[in-house]
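Protein chains: 2
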Amino acid sequence: MSFRACKRFSSPLLQASKLFLSSSSPAPQLHVRPLVDSLIPQTQGLKKSFGFPRPYMSTSLASLAKEEEVASKDIETLRAVEDQHGGVIINMEESMDSSLFASLLEASISQWRDQGKKGVWMKLAREHSNLVDSAVKAGFRFHHAEPDYLMLVNWIPDTPDTLPANASHRVAVGAFVMNANREVLVVQESNGRFSGTGFWKLPTGGVDEGEDICTAAVREVKEETGIETEFVEVIAFKERHKAFFGKSELFFVCMLQPRSFKIERQVSEIEAAQWMAIEDYMAQPFVRDNELFDFLTKIGLSKFGGKYTGFSTILSSTSSSKKSYLYFNNKDASPMIASKF
Amino acid sequence: MSFRACKRFSSPLLQASKLFLSSSSPAPQLHVRPLVDSLIPQTQGLKKSFGFPRPYMSTSLASLAKEEEVASKDIETLRAVEDQHGGVIINMEESMDSSLFASLLEASISQWRDQGKKGVWMKLAREHSNLVDSAVKAGFRFHHAEPDYLMLVNWIPDTPDTLPANASHRVAVGAFVMNANREVLVVQESNGRFSGTGFWKLPTGGVDEGEDICTAAVREVKEETGIETEFVEVIAFKERHKAFFGKSELFFVCMLQPRSFKIERQVSEIEAAQWMAIEDYMAQPFVRDNELFDFLTKIGLSKFGGKYTGFSTILSSTSSSKKSYLYFNNKDASPMIASKF
Chain A
1 MSFRACKRFS SPLLQASKLF LSSSSPAPQL HVRPLVDSLI PQTQGLKKSF
51 GFPRPYMSTS LASLAKEEEV ASKDIETLRA VEDQHGGVII NMEESMDSSL
101 FASLLEASIS QWRDQGKKGV WMKLAREHSN LVDSAVKAGF RFHHAEPDYL
151 MLVNWIPDTP DTLPANASHR VAVGAFVMNA NREVLVVQES NGRFSGTGFW
201 KLPTGGVDEG EDICTAAVRE VKEETGIETE FVEVIAFKER HKAFFGKSEL
251 FFVCMLQPRS FKIERQVSEI EAAQWMAIED YMAQPFVRDN ELFDFLTKIG
301 LSKFGGKYTG FSTILSSTSS SKKSYLYFNN KDASPMIASK F
Chain B
1 MSFRACKRFS SPLLQASKLF LSSSSPAPQL HVRPLVDSLI PQTQGLKKSF
51 GFPRPYMSTS LASLAKEEEV ASKDIETLRA VEDQHGGVII NMEESMDSSL
101 FASLLEASIS QWRDQGKKGV WMKLAREHSN LVDSAVKAGF RFHHAEPDYL
151 MLVNWIPDTP DTLPANASHR VAVGAFVMNA NREVLVVQES NGRFSGTGFW
201 KLPTGGVDEG EDICTAAVRE VKEETGIETE FVEVIAFKER HKAFFGKSEL
251 FFVCMLQPRS FKIERQVSEI EAAQWMAIED YMAQPFVRDN ELFDFLTKIG
301 LSKFGGKYTG FSTILSSTSS SKKSYLYFNN KDASPMIASK F
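The listed protein sequences correspond, in order, to chains A and B. Position 170, counted from 1, in the first sequence is what UniProt numbering calls 170; the numbers after and before it change by one each time, with no gaps. Position 198, counted from 1, in the second sequence is what UniProt numbering calls 198; the numbers after and before it change by one each time, with no gaps.
Heads up, a few of these hints could be off.
The list cannot tell twin chains apart, which means a pair is met if one copy fits it or any two copies do.
[Unchecked claim] Calculated cross-link-like contacts (lysine to aspartate or glutamate; reagent style EDC-like; alpha-carbon spacing at most 20 Å): (1) Lys137 with Asp97; (2) Lys123 with Glu146; (3) Lys307 with Asp332; (4) Lys331 with Glu230; (5) Lys123 with Asp161; (6) Lys242 with Asp148; (7) Lys123 with Asp133; (8) Lys323 with Asp289; (9) Lys262 with Asp133; (10) Lys262 with Glu223; (11) Lys123 with Glu183; (12) Lys242 with Glu211; (13) Lys123 with Asp148; (14) Lys323 with Glu291; (15) Lys262 with Glu183; (16) Lys137 with Asp332; (17) Lys323 with Asp294; (18) Lys307 with Asp289; (19) Lys242 with Glu269; (20) Lys242 with Glu291; (21) Lys331 with Asp294; (22) Lys123 with Glu94; (23) Lys331 with Glu291.
Quick caveat, the hints were computed from the structure, so don't treat them as lab data.
Just chain A, same shape as in the assembly:
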């Protein structure tokens, strides 16, 4: 993740922001976690559980576990490790005959019930998909899936299932990039709603898992147009629901400062790209006749003219090695920061 890509290009807050950088100050590392934990929702009804259950904060099941195998008495059961919430984790690493698996799973579940275990997580790599049916028949439901694995869960006790839900949102960005000649960076896409319409639109794209909004906007502009930019501000954002298999979307409109000007379009996805006089851009029917589109453009123009303040970033540390961005109204917050630092 690039800090440079996201820093404000004239940054009275840079000094302050340094205080949030773990590299220059250990304090945030030590202290931000309580904040983060207090900020995130309670998803497990268990004492000592964290906001999002800490064990599930890692993609590695090994790292989730206490690395103690569940005592299996003398019965033959599946290899499992305890999680930190009174549950167990099965990570099927070797292939197994599905009927053998079914009997081991049955024995395991009855043992875990006796032991008062709660949530049972089962990660099945795609190559072990022969075991999915047995797991479902044993009472497991699907939790989530990624291309190469399926995660199933089974809440054993009679108490309400408090296991955390799957990811709920997708995030996308749009980039408002204007040069000193008041020309806005626009593209015509090879595909999509506007393909073949002649409409010049702002560069847009999806924010990847693990990617920052400010970084994604800079990346998309670079990919689609070859233009180097620096993130300035999120000037507005928008919610949209039932957008994708019932998931929700958040769309962030970002103001970026161009750092290069020679356009090299992305041949695979972009039919054409250009710097377009803002008046010509706004005169397009899709912009002119669309109150929301027109309004967002006016916000961008106002920001360009220094008459609008959106949310810019400070980099902070969440936990041991993680950095994350805080987005807020830097201009209004400056006095507070000045008084503090």
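Using the hints provided, position chain B relative to the given structure of chain A.
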């Protein structure tokens, strides 16, 4: 979705916002879609595909389809419908023997290949999990899963797979609620990182799929404390990565205006709730010693004192029947809106 819950409690923009309400103006309905489509990323490399492929914008596979069955010549193949992107959709509704399924699937895929079909989507309800293994052996990968179904995909041609990714983010909210006595609404949670520490924290919670940020903040406060509130502004938001099975999180700090004052805590999750003098809240070590936490509290105070502007909302229409919120700096944008409306 409640507009009231999200409107600003003194709203010079209410008049303007009405123009965004489809109920009072058909224009946005007619025109906002081009904006939205232009804003969302291109995920399919197909002519005439939308931002997020339109077919996948519905949870109902039936509604995705052109409702024409794929011509199946004389070979016996699986029942499938074409999508609008040169692909097909299989929605297994009846149970089937897995070996019969495997042979039908093989015949179907070879036929679709001959027909130049691209992405094949297969929705398997949990009760048909006996078919998962055959699908995987036929080259399908997992796309996503919800408790009751698994979605698999298979990109038939030799071109790069341009199928859209799974949901990437979770979204959470924290609520800064202060009364006229400069007391902030705080809770002690039964579970979680701060359980038993005596730390008084802001109410927080997860934003549900299909729920608005502004609505979620109001709901969480009502659930945890019984206090009725109105959404005022998002005063800051924060990114966090690798937080949950590798997914990312966005956390929105919301300023809410209390509309009731008698606290009734949520017995199941909240140990205690109270109105706490802001000075006492800030004197807690977790706040005092945590630069980021302290900073967010100062932003909240500054907002309370009218010296900070975050992002408030306007309701707009995205497509036929959908409403969605635009979040932006209403104060700075007011002149633009005044000039327009």
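Hint check:
Taking CA atoms no more than 20 Å apart as the test, Lys137 paired with Asp97 passes in both settings, with 15 Å inside one copy and 16 Å between copies. When the C-alpha separation of Lys123 and Glu146 is checked against a cutoff of 20 Å, the pair qualifies both within a copy, at 11 Å, and between copies, at 15 Å. For the identical chains of this complex, Lys307 and Asp332 are neighbours both inside a copy (13 Å) and across copies (7 Å), given an alpha-carbon limit of 20 Å. Taking the closest pair of Cα atoms, Lys331 and Glu230 come within 20 Å of each other only inside a single copy of the chain (18 Å); across copies the shortest separation is 25 Å, beyond that limit.
Taking identical chains as interchangeable, the C-alpha atoms of Lys123 and Asp161 lie at most 20 Å apart only when both belong to the same chain, with a minimum of 18 Å there against 25 Å between chains. Proximity of Lys242 to Asp148 under the C-alpha cut-off of 20 Å is restricted to the inter-copy arrangement: shortest distance 18 Å between copies versus 25 Å within a copy. Taking the shortest Cα distances, Lys123 and Asp133 sit within 20 Å of each other both inside one copy (13 Å) and across copies (15 Å). In this assembly of identical chains, Lys323 and Asp289 lie within 20 Å of each other by CA distance solely across copies; the values are 19 Å between and 42 Å within a copy.
Taking identical chains as interchangeable, the C-alpha atoms of Lys262 and Asp133 are never at most 20 Å apart, the minima being 56 Å within one chain and 51 Å between chains. In this assembly of identical chains, the alpha carbons of Lys262 and Glu223 lie at most 20 Å apart only when taken from the same copy (13 Å versus 54 Å across copies). Taking the closest pair of Cα atoms, Lys123 and Glu183 never come within 20 Å of each other, the shortest separation being 51 Å inside a single copy and 46 Å across copies. Within a single copy, Lys242 and Glu211 get their C-alpha atoms only as close as 23 Å, which misses the 20 Å cut-off; across copies the closest is 10 Å, which meets it.
Taking the shortest alpha-carbon separations for Lys123 and Asp148, both the intra-copy value of 10 Å and the inter-copy value of 17 Å come in at or below 20 Å. Taking the shortest alpha-carbon separations for Lys323 and Glu291, only the inter-copy value of 15 Å comes in at or below 20 Å, while the best intra-copy value is 38 Å. Taking CA atoms no more than 20 Å apart as the test, Lys262 paired with Glu183 passes inside one copy only; the shortest distance there is 13 Å, against 55 Å between copies. When the C-alpha separation of Lys137 and Asp332 is checked against a cutoff of 20 Å, the pair qualifies neither within a copy, at 57 Å, nor between copies, at 58 Å.
In this assembly of identical chains, Lys323 and Asp294 lie within 20 Å of each other by CA distance solely across copies; the values are 18 Å between and 35 Å within a copy. When the C-alpha separation of Lys307 and Asp289 is checked against a cutoff of 20 Å, the pair qualifies neither within a copy, at 24 Å, nor between copies, at 35 Å. In the homo-oligomer, the alpha carbons of Lys242 and Glu269 never lie at most 20 Å apart, since the shortest distance is 26 Å inside one protomer and 29 Å across protomers. Taking the closest pair of Cα atoms, Lys242 and Glu291 never come within 20 Å of each other, the shortest separation being 23 Å inside a single copy and 38 Å across copies.
Only between protomers do Lys331 and Asp294 lie at most 20 Å apart by alpha-carbon distance; the minimum there is 18 Å, versus 25 Å within a single protomer. In this homomeric assembly, Lys123 and Glu94 come within 20 Å of each other (Cα to Cα) only inside a single copy, at 12 Å, whereas the closest approach across copies is 27 Å. Within a single copy, Lys331 and Glu291 get their C-alpha atoms only as close as 28 Å, which misses the 20 Å cut-off; across copies the closest is 18 Å, which meets it.
Hints 9, 11, 16, 18, 19, 20, counting from the list given before, are not met by this structure.
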